[in-house]
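Novice: Chain by chain, the residues run as shown.
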Amino acid sequence: MTMRSSDMVLAAMLAASVAVGATWVASAWRVRAEQPEVLRRAALVEQLGLTDLALFTEARYTRHPSQSDRHAAFQDHPFALEHFPSGSVLPPRRQP
Amino acid sequence: MSGWFSRQRSLLDFAVSSLARRKGKTLGLLAVYGLIVFVLASAMLFSHALRHEAKQVLAGTPEVLVQRLIAGRHDLIPDTHLAAIRAIRGVKSAQGRLWGYLFDPAAAANYTLMVPPADAPAAGQAVIGAGVAAVRDAAIGDVMSFRAHDGALVSFTIQAIIEPESALVSADLFLVAEADYRRLFGIPDGRFTDIVVTVRNPREVRTVAEKIDAALPDTRIILRDEIRRTYESVFDWREGMVLLLLSGAVLAFFIFAWEKASGLSAEERREIGILKAVGWETADVIALKSLEGLVVSLAAFLLGYLLAWLHVFQWGAPLFEPVLKGWSVLYPDFRLTPHVDELQVATLFFFTVFPYTLANVVPIWRAATVDPDQVMR
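Chains A and B, in that order, are what the protein sequence lines are. Residue numbers for the first sequence follow my numbering, so the first one is 1 and each next one is one higher. Residue numbers for the second sequence follow my numbering, so the first one is 1 and each next one is one higher.
Extracted from the complex, chain B is given alone in its bound form (with noise of 0.2 angstroms):
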């Protein structure tokens, strides 16, 4: 067993000698390679904390939403559709839900604007969210005013400020009084903007979906578990742009890594005649270069893989905001818990580090197998 080690140290040794000849290549091969790896772990590891995330917050989200459609849009929906919801069997309870959407032109931001179900704010005044404070740099007592749906000014005295811990679900919220939000937009009394419904088994909710839909057929039915679906799509690795810029960089990288570890330079060839000339085995020679490429490949995976976490994780994805932000003025500023998938990791592991060291041997191999004499010609 000893034996066997310090013949691989020997071979270690030789391998890393090999590498040291040709510094500025692998030094410039495991830049390539270990930035490669860090863009591939950085998504993998945002989407699937993001993705874990949600899952968790979102558990409360309302059961069963009801919208109405006119003519392919969201419209308001009358109190009758609320009656009529509540005589369904099986309905526990239905509720009227006030949001919208409000720009603000001093900030040009968009506020999610919206009276909570419980403990609303009293009239003329608001709760808003950390975004909100952070762009129209708002302190507790503050005024803000924005112009009603008629021209006149609706002024809100900031009466507290969303925890910036709850960035991620509630940053650009504006919360107000009923009476502040019809008078805002113009919205009569006995319309919302949907409704929210419980009911009573869990296990009918489909049903009682389906009977809201026979009763109400101008409406659409939003359930718990879609909204859950939309959000495990969320960045799903075969949409988006992101994955189509990407997908370039990674298949120029493997036609680089390919034409790298497949064509064997007059040098590489040369030192393989020497070296079977000096009596090495073919075996010795193909696990020589097995373990360049291992070198090689396994720095690039830990490096690549230590930096992604780090820039996660740690300094809050800095490289990913540009792409989330779009246009978008309000941005929470927000901190992933890391829930790391083991099998993704080990899924990336494997597609990074295996075909480099595989693609290394079958060119060498060839090498190896012919004649010294005519490999150093």
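So here's chain A without its partners, still in its complex pose (with noise of 0.2 angstroms):
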């Protein structure tokens, strides 16, 4: 007996979905195991009053954004434009 169109589509939805439950079954059990880790991470910033991510290391106001002024990005000289380009991705320090 050949399967139906309708139950194929039907199983390949099901396993999808099934999949798509997985990867929150798995983003669960990862947040719970990773849990230790980012303690750690957190001691160390707390250790060596750190107070940025490590993401953009290319210019001063994108490796510390919440150490830089709005005015970081172009301060190189009269006129200057900002050019690194992490700085396109990266918004400018919210101000209070």
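In case anyone wonders, no lab produced these hints; they're calculated from the structure. Here the structure is a predicted model, which means the values were calculated and not measured. C-beta atoms are modelled at their ideal positions from N, C-alpha and C, and glycine is treated no differently. Fair warning: there could be bad hints in the mix.
Said to hold, decoys possible - Computed footprint of chain A on chain B; a stretch qualifies when at least three of its residues, placed anywhere within it, have a C-beta under 8 angstroms from a C-beta of chain A:
no., stretch
1, 8-14
2, 61-67
3, 215-226
4, 272-286
Unchecked claim - In silico contact screen, one side only, chain A against chain B (beta carbon under 7 angstroms); selected entries:
no., residue
5, Ser27
6, Gly49
7, Thr51
8, Ser66
Put the two chains together into one complex; each comes in its own frame, and the hints tell you how they fit.
Specialist: Below, the structure is given as structure tokens:
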């Protein structure tokens, strides 16, 4: 007996939905398993008094966005334009 | 109920065979649709997980930081400011920090040079981040030398390497002793990069900050709350070039999908005409075409989301790396903890699956309500 095409599609959709569901389970499991690592990172931040993530190391105002002011990107010389690529993805520091 | 179910199965059979007749078109649409969902979901999962990580990791960042500004630029802060801050009521402690940037010509990379507030390495020794060790291929016991402000060489023996699991906050760190830091940059005693202040009562942080601001007008105060806000807006969807580029692709897709869904081909019109001629009702035709749209959009969402999850949390988001890296030589090797925002996923589901399915229905309804004979001509 051949399988009906509707059954094949339903089975494929069900399998994909189960796989998406599995990502939720895997996420929850990993969040719990990786908590000690996160706490170690947080402890290092507290111990060294760090303020920023080491995501963009190309310029001082992208390495430490929380410590820079809004003008930092344009300070190199009069009429200087911001030219580092990560300045395009990282918004300037929020003022209070 | 079983009658309704068997009817839906038959409709689905018909919808699948109808899609299979236009195999190339359907697969092409599925691929483009899935790709759009993949890119949107990747950006969404990545930025949410990173924001969550920043929130957790930076919870213990200094409560209040005081910088000195001269002519709008950050300047070294003298220890007289330190004494003035300690005299303010409500201040528990104030300590000068020493940190800065060092460009290493050998690796063409920027390091963050820092003197740890406690347990600093001995003079001539250094503790380095995993990223520094990687770009310089350095191991414990190796010697790294840099030119000091006066041109003299200052050498450091690597005492330890910070664990790679902390690379997200420590990849570019170069921890040295206070004497070495001052020697390297020629910073005299009694001067600091900035000052860390702790406050006795956490509810008085703002008041203390205002007092510092009033007592020392040449300073700028950064609160922990502001640092948190900075990272809350990291890769904010409204900002940045990525979204700008992405919005072009998304708009192009919506035009494509709308065109595909709302403009019926002559073949489709004929199909609807034949179905009506053999006795199908308008509601059946609409249900059939809605099912076709649902199959395509649901499959695209499920595939796109699955691939995005794997891309971000399993493979380390390699497609974002060139964007985030920019011109940086040193980039942290990190794996994000999969914090997923259910509401964001639901929003993505709603905005990717429903519009396409609905866009399918309107023209079908229009075609299906016309006389079959007229439609087939």
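Novice: For each hint, tell me whether it holds in the structure or not.
Specialist: Now for the hints, and whether the structure bears them out:
no.	hint	result
1	8-14	holds (count 4)
2	61-67	holds (count 4)
3	215-226	holds (count 5)
4	272-286	violated (count 0)
5	Ser27	holds (4 angstroms)
6	Gly49	holds (5 angstroms)
7	Thr51	holds (5 angstroms)
8	Ser66	holds (4 angstroms)
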